[in-house]
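> The residues making up each chain are set out below.
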Amino acid sequence: MAGNGKLYGVLALQGDFEKHQLALERAGARQFEVRTVDALREVDALVIPGGESTTMLRLMDYYGMFEPMREFGLTRPVFGTCAGAILMARGVMSPAQKSLDLMDIDVERNAYGRQVDSRIVEIESKIGPLEAVFIRAPIIRRTGAEVEVLASYLGDAVLVRQGRHLAATFHPELTEDTSVHRAFIELVES
Amino acid sequence: MILNEAFRKKIGLAEMLKGGVIMDVTNAEQALIAEKAGAVAVMALIKVPSDIRKEGGVARMSPISCIREIQRTVSIPVMAKARIGHFVEAQVLEALAVDFIDESEVLTPADEENHIDKHPFTVPFVCGCRNLGEALRRIGEGAAMIRTKGEAGTGNVVEAVRHMRTIMREMRQLTTMRPDELMVAAKNHQAPFELIEYCAKHGKLPVPNFSAGGIATPADAALMMQLGAETVFVGSGIYKSLDPVNFAKAIVKATLNYKDPAKVLEACEELPDGMPGIDVRQIREEELMAGRGW
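Residue numbers (this note's numbering), protein chains in the order written: chain A, 1 to 190; chain B, 1 to 294.
The hints are simulated quantities; they were obtained by calculation from the structure and are not laboratory data.
It should be emphasised that the depicted structure is a prediction, and the values quoted were computed from it without experimental measurement.
Check each hint, because a few of them may be wrong.
Stated by the list, open to error - Now the stretches of chain A that chain B is said to cover, found in silico as 3 or more residues with beta-carbon under 8 Å:
1. 13 to 21
2. 54 to 61
3. 118 to 129
4. 164 to 172
Beta carbons: idealized from backbone N, C-alpha and C, even for Gly.
Next up, chain B with everything else stripped away, as it sits in the complex (with noise of 0.2 Å):
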């Protein structure tokens, strides 16, 4: 069975991140802004995504020297992004001994067919998907949290919501099918038979899911908690806004309280706009980051 001991306990550090905001540093003088705002984590990467987007080139893991001034920083957990595929930057990043790696699409792939097989690692996994027969091919491999991808560094919502509404929606369809049904689903869905089972049975996915990818308001992570999100990623929105500080915390308000539109309104009201945000129809295919992932 796939939820041995060992995935288990990664399961458990991913259940601890729940409920809150994940929140892309570059540097240890951010991590301490997302510390202090009430951040669940930190992700170390080298640009923010719409740095990435703007600047082009090839997007790698952090520089290891940033990682550990950060690590030194800040004591609720640190992630860092591994190129998708690239083992031996999840090698690198497990000996520094980070609390979880994020293979991620916002970097550049190094491969175009394969994922990292992450079982073999003891440091826990997050991977993005955009619909349920990813997230299981994902988990499948060993990811221990699942994140809907959205399409990162935009501002715009738009497939964070596309995203997290089909993974959700493919979930309940399941929960209405016959035990005679679901091989069938597994094989439409090309995701692992005894992961569709699970997910028919409960629900639910049997690791975490996170949203990620274009959450630019304390509105916006409110709306994808409803959603289903179980803890929201937020990267550029914060270190683009006018207000780095404060729109942190609010969006930890908005996120904290995301059933109460009360509290929601509170949060948008102490802040200025969010970062500018970009039509995702704009961009041209081959730069959208949300199709990289197999």
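One chain only, chain A, in its complex shape (with noise of 0.2 Å):
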């Protein structure tokens, strides 16, 4: 079985967190939902799933949370999706708001419009081909010389590894298709 063992937590303060915790599940990892820093401190990797960028940020603040997960990226693998990617960059644009970084990234949010303009594309990718679930997704308007892209769209990059974090401006977990959550077990299990 993949996972080894390993356990992921899935940050649920808010968001579309039980289709990350499902998409792990068919990909054989083990997983727990983190809502607390006391849940924080089980796990071995961490999913930031998508949602609320602005609401999530302020409920890692009131429950103090920012700091220990900022922590946890300092030795532990991170996977973030749309929002999630939002929180782990360095820069953030649009409005600007405080971020984990993790990752030598620059994100501009909501920078393809509002929800009229989400849209579902197959894109090529470093790891096989994708379908690409795009709902007021953000862009990556900066990628770092350490940041390896693994797939883009329309010309920016909208899936990034960083040493053993991985981020995407897309939704994998809204698919049937693991492929995105496998890459990351194998970035844990590496």
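Relying on the hints, combine the two individually framed chains into one complex.
Here it is, written out as structure tokens:
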């Protein structure tokens, strides 16, 4: 079984965390909801789901999770999708907000426009073809030298890796395909 | 198949709002309080339901200037209500680029036979329901999110509980049926067959299932989450309480930690009493909102 006994936490402050839990299970990983700092201490890797990044950030602050999550990311793998990718970035624009600075990327929020501009497209990636579901997605405007771009769409990076961290501006958890989650599991196991 | 690409995108936005609180607001100042308290979205409406109930008359879509100001003020999604069947109010709200339209029984219905055909819109819709059949009819019309109705503006959770228990029970019952029993189930629920099949297979609606109408305390919010709600809408409760900022925060805390009684206790402790409640049995039949919707 993939996952190798490692425990994957899914941040469940808000957002589509349940879809990530199901995707991790389909990929063969053991998973667990993380709503508190105590729960965060139990896990080997963390997934930050899609949702409203402003809301998640506020809740992380209220419940004292911001700093523990940043520290977690210094030594353990983190995978973020959409709002999760925004929280993992170094810089966040439109509007500017603070972030965990786990990856050397800058992102612009809601960059494709409001809901009317959400889309589902087929894209090529270094881990094979993917169905990419964009929902009020951010755009990665800058990637640092240590960031590997695994997939792009319309000229912008949409799936990036740095060390054992992974970030997607789309929502692999909203599809049946588990290849992005399996790629994260491989990073965790490596 | 109903779950085509356009519909999946709409459901996608609803998925992002799970595990949170959506707060009714009537102006930008309230929207800011909601955002700061950790709401996942705000719902713009002309008056909170308890005032609609008190003042009577025809309740319509919010003034455009008010919705625009709310959109300028917050970065979380902004939803707005249109009257049942009033597809032009919906067209206007779509042109205004709101993030979600609530075709809502809280406003005065514009059509007493038909709901809006929601599929042609690119903006997603949320609709209320009291049972599984009503939920699946709305999804069949294109609703990407369902909320149980409760009885808005009462501060009384009893109807919200009734509607959530009903829909969850009816879904559980479907999962125990043989395939050759599902067509009659579709007939009895007055619901599209393919959606009955979906619920029988998954034990869940194909769209997120939220709860609204009468949630007035942090414990009410946690109760609805334990009964199966995936997010709660809170309306009159917040701005009819003595301390809206802390009340809103406490509802968020209880919703997030609904499985942890110690945390729900903390949320309750931080608060004075909730809004005054109304016994739903003392409301005249024609003033009940939940019965609006066909």
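> Please go over all the hints and tell whether each is borne out by the structure.
These are the hints, each one checked on the structure:
no. : hint       : verdict
1   : 13 to 21   : holds (count 7)
2   : 54 to 61   : holds (count 4)
3   : 118 to 129 : holds (count 3)
4   : 164 to 172 : violated (count 1)
Hint check: a violation occurs at hint 4 only; the rest are consistent with the structure.
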